[in-house]
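Here the protein sequences line up with chains C and L, keeping their order. Residue 1 is where the first sequence starts when you use the numbering used here, and the numbers rise one by one after that. Residue 115 is where the second sequence starts when you use the numbering used here, and the numbers rise one by one after that.
I should point out that these hints are in silico values taken from the structure, not numbers from a laboratory. One or more hints might be untrue.
Keeping only pairs whose Cα atoms sit at most 25 Å apart, straight-line, the calculated DSS-like set for lysine-lysine is [as the list claims (entries may be wrong)]:
1. L:Lys156 / C:Lys31
2. L:Lys211 / L:Lys184
3. C:Lys57 / L:Lys211
4. C:Lys57 / L:Lys116
5. L:Lys170 / L:Lys184
6. L:Lys211 / C:Lys31
7. C:Lys17 / C:Lys57
8. L:Lys211 / L:Lys181
9. L:Lys116 / L:Lys184
10. L:Lys223 / L:Lys156
Here the structure is a predicted model, which is why all the values come from computation and not from measurement.
The residues making up each chain are set out below.
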Amino acid sequence: EADIYQTPRYLVIGTGKKITLECSQTMGHDKMYWYQQDPGMELHLIHYSYGVNSTEKGDLSSESTVSRIRTEHFPLTLESARPSHTSQYLCASTPDGSGANVLTFGAGSRLTVL
Amino acid sequence: QKEVEQDPGPLSVPEGAIVSLNCTYSNSAFQYFMWYRQYSRKGPELLMYTYSSGNKEDGRFTAQVDKSSKYISLFIRDSQPSDSATYLCAIQGGGGKLIFGQGTELSVKP
Numbered sequence: 001e002a003d004i005y006q007t008p009r010y011l012v013i014g015t016g017k018k019i020t021l022e023c024s025q026t027m028g029h030d031k032m033y034w035y036q037q038d039p040g041m042e043l044h045l046i047h048y049s050y051g052v053n054s055t056e057k058g059d060l061s062s063e064s065t066v067s068r069i070r071t072e073h074f075p076l077t078l079e080s081a082r083p084s085h086t087s088q089y090l091c092a093s094t095p096d097g098s099g100a101n102v103l104t105f106g107a108g109s110r111l112t113v114l
Numbered sequence: 115q116k117e118v119e120q121d122p123g124p125l126s127v128p129e130g131a132i133v134s135l136n137c138t139y140s141n142s143a144f145q146y147f148m149w150y151r152q153y154s155r156k157g158p159e160l161l162m163y164t165y166s167s168g169n170k171e172d173g174r175f176t177a178q179v180d181k182s183s184k185y186i187s188l189f190i191r192d193s194q195p196s197d198s199a200t201y202l203c204a205i206q207g208g209g210g211k212l213i214f215g216q217g218t219e220l221s222v223k224p
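Build the full structure now, drawing on both the sequences and the hints.
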């Protein structure tokens, strides 16, 4: 059973609102990731972190920001949501180390911006 | 051209059928080849992964890698309705970066 939790699971908001998607993991993993998933499309990496106070942008440009103040917590924030931000956001983590980069995913946060 | 290509389906099979899911990739430097399963309204979960070429079996699931053809496959034997999900291939390149396929939606009918 996955030990990575995302809240809210579903969110419908109006344009211009500020939102924060929460992600927490209890596995002590150093590496955490945010992916964006749209129907019929591959997962796109939008942010990642290799540890506390470390954040990087992923391959897909995103207007969102992230922070990593604690190992277990990796929230994603949109300052002013727009309809183009409507998507499913998946948080994932993996322990540090070489070899296969096996991700544990949360259940996702489905965001709809009206 | 995408680095990883996967037929999105949907694929519908009767219960008990053998299912073959496939991905192609373009970069010969890729080393780890993974299959994730994603049920509706859930996050992906790892099914299995292989390193380099060859086969790997886990119960009803077999992962196969052909590096010469840049082709990976996942076979499901004796498919069950509980196997109905979207299957994502993921390939790991340098620095641990994962590149995902689009996912193939599979439906196993009773």
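| query | Going back to the hint list, which numbers does this structure go against? | reply | none
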